[in-house]
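J.: Line by line, the protein sequences are chains B and V.
Final position of the first sequence in the numbering used here is 205; the numbers increase by one with none missing.
Final position of the second sequence in the numbering used here is 479; the numbers increase by one with none missing.
Among the hints, a few may not be true.
Stated by the list, open to error - To be clear about the criterion: a stretch of chain V counts as covered by chain B if any three or more of its residues have a C-beta under 8 Å from a C-beta of chain B, and this derived list gives those stretches:
hint, segment
1, 325-337
2, 375-384
3, 393-403
4, 419-425
5, 460-470
As the list claims (entries may be wrong) - Across the chosen pairs, the derived CB separations fall in these ranges:
hint, chain 1, residue 1, chain 2, residue 2, range
6, B, LYS126, V, GLY99, 38 to 48 Å
7, V, VAL111, B, GLY73, 39 to 49 Å
8, V, LEU355, B, LEU79, 43 to 53 Å
9, V, PHE114, B, LEU79, 33 to 43 Å
10, B, LYS126, V, PHE114, 58 to 68 Å
11, B, SER116, V, THR172, 21 to 31 Å
12, V, ALA332, B, LEU79, 31 to 41 Å
13, B, GLY73, V, LEU468, 28 to 38 Å
14, B, PRO127, V, GLY99, 23 to 33 Å
15, V, ALA346, B, LYS126, 48 to 58 Å
16, V, SER369, B, GLY94, 18 to 28 Å
17, B, CYS205, V, VAL393, 33 to 43 Å
18, V, PHE114, B, LEU183, 52 to 62 Å
19, V, PRO314, B, ALA181, 32 to 42 Å
Stated by the list, open to error - List of simulated lysine to aspartate or glutamate pairs, DMTMM-like, C-alpha gap at most 25 Å:
hint, chain 1, residue 1, chain 2, residue 2
20, V, LYS298, V, ASP258
21, B, LYS97, V, ASP258
22, B, LYS126, V, ASP312
23, B, LYS97, V, ASP301
What the hints contain is simulated information worked out from the structure, not anything from laboratory work.
We put the beta carbon where it would ideally sit given N, CA and C, even for glycine.
Listed below are the residues making up each chain.
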Amino acid sequence: MRRPDRFFDGAARSLSQRLATGMTRRSFLGRMGGAVLAVTGGAAVAAGVRPEESEAFHFCGHIWTTGSCPNPLGLPRIDRHGYPLRAGDGKRIDNLGRVVNSLGYPISASGERLIGPDGKPLPRGPRTRLCEEWVRERFGHNARQQGSWYRCCNDQIRKLVDCCSPSRRRINGDASLTGYCWNGNRVFCVMYYETGLKC
Amino acid sequence: MVETFTPAVCGSRRRQRLALVGFAVGALVASAFVGAALGLLGSVLGARLTLAAAGLALLAAAREGGVLRFPIPQARRQVPERWRTELPLPLWSAGYGAGLGAGLFTFQPVSTFWVACAAAVALGKPLTAALCFSAYGTGRTLMTVLPRRGSDPTRAVEAIVGRRRLLLRANVVALLVCAGLLIAAPVASGAVTTLGPGLDPAVDATTLARAQRDSGGTSVLIEPSGESAVVIPDASLPALDGDLLAYTDSVGIKVIDWRTGASLAQVDGPVSKPALEWPRLAFIRTDATYKRLIVADFTDPAAPTERQIALSAVEDDLGRPSLSSGRIAWHKATIRASNVFVERLDTGVRTLIARSRIALEANPSLTSTRIVWVEERARSASLRTRLFGRRRVRTIYTTTGRTRLLWTTALAGRSAYVTRWSQLTGDSTLVRVNF
C-alpha cells in the first residue's frame with residue numbers, strides 16, 4: 007500500500023500535468039501554479055480547484071503566491087485608478103479605512119458625515135493609490151500598475167492587477183517574478199478590481 | 045520553614061492543609077501588594093525608568109554571571125518560630141506567607157527580585173505589577189505545597205539546590221532578556237494615566253485645561269495643581285500660557301487672565317484653534333476658499349499685527365497649532381498626504397517633521413526641545429515624539445480599534461497629553477503619557 011504522502015505527491019504531480027496541458031493565455035500561470043502544487047503536494051486543495059473557477063490562494067482569482075498590496079482593511083480591492091475600496095461592497099474608503107463620499111469626507115452608513123469628539127464633522131484624510139503611493143512609502147521603491155489578468159469571481163469578471171516595481175524581492179520577502187510586468191519590473195504585490203461584467 | 049508545614053508540626057493533616065491555605069493567601073496578598081505599591085510609585089514618578097531598570101538588569105546579570113561582585117540588599121532573617129507557639133495557626137501561617145511573599149524581609153539568593161522591583165516601578169501600572177508579583181508569591185507557595193504526601197518536605201528544596209548551577213545560568217539569561225525587553229519597549233516606558241472625560245488638552249507647567257462637552261454646550265475646565273478648578277462657560281479649544289487662556293467661543297477667540305477674568309485680546313470672525321505664547325496668538329481663519337494659519341502679535345494690543353504662516357484649501361484640514369519658545373507647529377492634511385511642520389517665527393525657517401501619503405500625521409504640540417504628534421492608521425493610532433535637532437522618532441503610546449482613536453495633544457516636559465475618543469460613541473477622555 008502506498009504511503010499517504012506519496013499518494014498525495016502523485017495526485018499533485020498528475021494535477022500539475024493536467025494544468026500544464028491545454029492552456030492558452032493562462033499557460034504561464036497554469037504551469038507555474040501546477041509546479042507549485044506538485045512541490046507542496048497540495049493535492050487535497052488542488053483537486054477542488056479549476057482555473058475557470060479560480061479559487062484563490064488568498065482571494066478569488068489569485069492562484070499564485072504573491073501577497074496583497076498593503077491596504078487599509080485587509081483585502082486589496084481597488085477602483086479603476088488604483089484607489090482603495092471596501093472589499094465587501096466596493097464603497098470608497100480612505101487610508102484609515104473609513105467609508106468616504108466623493109469629496110473624500112468620512113461618512114456613516116446613512117451617508118452623513120462622521121462627527122468628531124468636538125461635535126464637528128471630521129476633516130478628510132489621505133486617500134492614495136495602493137500601488138503607486140503605499141508601496142512607495144512603505145517599501146521605498148517606485149511601483150506602478152502594469153500587467154493584469156482576468157478571472158470569473160462571484161459571477162462577474164475580476165481584473166487582477168500586478169503592482170510592479172524594480173525590486174527583486176516581492177512583498178512576501180522572497181524572490182519576485184516577472185509575471186505580467188514589463189520594462190524590467192517584477193511583481194511586487196497584487197490587487198484586484200471588480201469590473202461588474204457578468205461572466 | 046518548609047518543614048513547618050507537615051502534619052506532625054501542624055498537628056494533623058487537616059491543620060496542615062489549613063496552614064498551607066493560610067500561607068498561600070498571605071504570600072499572594074503580600075506579593076501582590078508589593079507589586080501594586082511599586083507600580084503606583086512608578087505611575088507617580090513616571091519618566092525614563094525603563095532605561096534605569098534595564099541598566100539594573102544588566103548589572104544584575106553581570107553579578108549573577110560572576111563578572112561583578114557586589115552585595116545586594118536583603119534581610120537575612122527567617123520566619124519567627126515563636127509565632128507558631130504564640131499565634132493561632134491561621135495567623136502564623138498567613139504571617140509566614142506574607143513575610144516570605146513580600147520578598148523584602150528575607151534572604152535573597154539572587155538579585156533578580158530587585159530587578160523585578162525596578163521593572164514594576166518602570167511599568168507604572170499598579171494592577172499589572174500586582175499580577176506579575178503575585179507570581180512570586182505563587183512560587184513561594186509552591187515550595188511548601190509541592191512536597192508530596194509522605195515524602196521529606198525538604199527534598200524539593202534539595203532538588204533545587206542540586207540544580208543550582210543550571211538555575212543560576214538560566215537566571216542570567218532571564219535577566220539579559222529582561223534588560224533587552226526593557227530597552228526595546230518605548231511604549232511601556234510611558235506611564236499612561238487616564239484623566240477623565242474631556243478633549244483638546246492644553247497644559248502649562250502645573251495647570252491643565254481641557255474642553256468639556258455636555259448637553260448644555262461646551263465649556264473649558266482649568267485645573268491648576270493644588271487649587272480649585274475654574275470653569276469658563278461657552279468656550280472650547282483652550283490654549284494656556286501661564287495665567288492666560290485663549291479659547292474659542294461663538295464670536296471668535298478671546299484671551300483672558302483666567303484667574304481674574306480680565307480680557308486681554310479678542311479676535312472676532314471665523315477664527316478658531318488658538319495657540320498662545322503671549323503676546324503671540326496663533327489661530328486658523330477660515331473663509332469661503334481657504335483656511336489660513338495666522339500668528340497675531342499683540343505687543344501693541346491696540347494695533348496687533350498679523351502674519352500668515354500657512355494656507356490650505358477650505359476642503360482640507362489645517363490643524364490646531366502649537367506655540368512654544370518662538371516656534372509654531374501645525375499639521376496640514378489633504379486627500380493626497382498629511383504633513384506636520386514646525387517653523388521658527390524669528391527666521392521663518394520651516395522644518396518638515398512628519399509626512400505620509402498613507403497615515404494621517406496630525407495634531408502636534410511642542411516645547412522648547414521636542415514635539416509630539418498623532419499618527420493615525422486604519423487599525424491603530426500612535427503618539428509619536430522627536431527631539432528637535434534629532435531625526436529619531438519614538439512611539440510613546442499606541443491604541444488600536446475604532447473605539448480608541450487619538451485626537452488633539454498637549455506637551456509639557458516629558459508628559460504628553462492626548463484626547464482619546466471613540467468613533468462609535470463620540471465620547472472622549474484625556475490621557476497623560478509620561479515618557
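J.: If any of the earlier hints don't hold here, list their numbers in rising order.
T.: 1, 8, 9, 11, 14, 15, 16, 17, 19, 21 and 23
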